[in-house]
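Note that the protein sequences, when read in sequence, are chains A and B. Here the first sequence is numbered in my numbering, starting from -11 and rising by one per residue. Here the second sequence is numbered in my numbering, starting from 19 and rising by one per residue.
Just so you know, these hints were derived from the structure itself, not from any lab. Keep in mind that the hints are not guaranteed to be accurate.
Said to hold, decoys possible - The list that follows gives simulated cross-link-like pairs (lysine-lysine, DSSO-like), each with its CA atoms no further than 27 angstroms apart:
| no. | chain 1 | residue 1 | chain 2 | residue 2 |
| --- | --- | --- | --- | --- |
| 1 | A | K(-9) | B | K73 |
| 2 | B | K31 | B | K73 |
| 3 | B | K36 | B | K89 |
| 4 | B | K75 | A | K(-9) |
| 5 | B | K88 | B | K21 |
| 6 | B | K21 | B | K71 |
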Amino acid sequence: LAKTTQPISMDSYEGQEVNITCSHNNIATNDYITWYQQFPSQGPRFIIQGYKTKVTNEVASLFIPADRKSSTLSLPRVSLSDTAVYYCLVEGTNAGKSTFGDGTTLTVKP
Amino acid sequence: DVKVTQSSRYLVKRTGEKVFLECVQDMDHENMFWYRQDPGLGLRLIYFSYDVKMKEKGDIPEGYSVSREKKERFSLILESASTNQTSMYLCASSLRTSGTYEQYFGPGTRLTVT
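All chains should be built: construct the whole structure from the sequences, respecting the hints.
Printed below as a string of structure tokens:
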């Protein structure tokens, strides 16, 4: 199973950039890296997905080095509403063979 | 928008009861998943289905079974509920198309077994 490792928790302040790194040493050639956000009492929701180098959308950027054994989610100028748990998942054509890690609890302070 | 619905948000059952958790998705997704989420343990995969009548065990299948008779519906069954199955249960679905592996999650069912 492609297991991921993330920091358990991170603290930040409003307006700062937050970078959360995920390790996935067993990533396979066909796997993509996906990040999810989860608020209390809700299901996780998709933030961003990438295969290599850099991907950017309206809410985040995803940086993936050439060896693809890690990835970094970057949240620009966080606000209090970004307080949530963030999960990194490696998934591909072998769906169901990847595992969510324990997630990173991000706390944004005023 | 993709919609994944779960039959109940909250459910209370007694030990030994047979429990059915239903999940329905409306986007013709091939893959469907059942996870449970407990404090400090993240999301753990119970079962996965990639097509009608097809299923594969995840990380923690013991005490659970699943049924997928129609593409849009994936049921999780607790044959004889126990207190250690008290948890949040999350259903998800996704496409099998290469390059689009995003999982869409339902709101979750918080099950309490007394």
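Here's how the hints hold up against the structure:
1. About 21 angstroms separates the Cα atoms of A:K(-9) and B:K73, which keeps this hinted pair within 27 angstroms; it holds.
2. For the given pair, B:K31 sits about 26 angstroms from B:K73 by alpha-carbon distance, which is consistent with the 27 angstroms threshold.
3. Proposed proximity of B:K36 and B:K89 is supported: the alpha carbons are some 23 angstroms apart, at most 27 angstroms.
4. Only pairs whose Cα atoms come within 27 angstroms are accepted, and B:K75 paired with A:K(-9) is accepted, the gap being roughly 16 angstroms.
5. For the suggested pair B:K88 and B:K21, the alpha carbons sit about 16 angstroms apart, so the restraint of at most 27 angstroms is met.
6. For the given pair, B:K21 sits about 22 angstroms from B:K71 by alpha-carbon distance, which is consistent with the 27 angstroms threshold.
Checked against the numbered hints above, the structure violates none of them.
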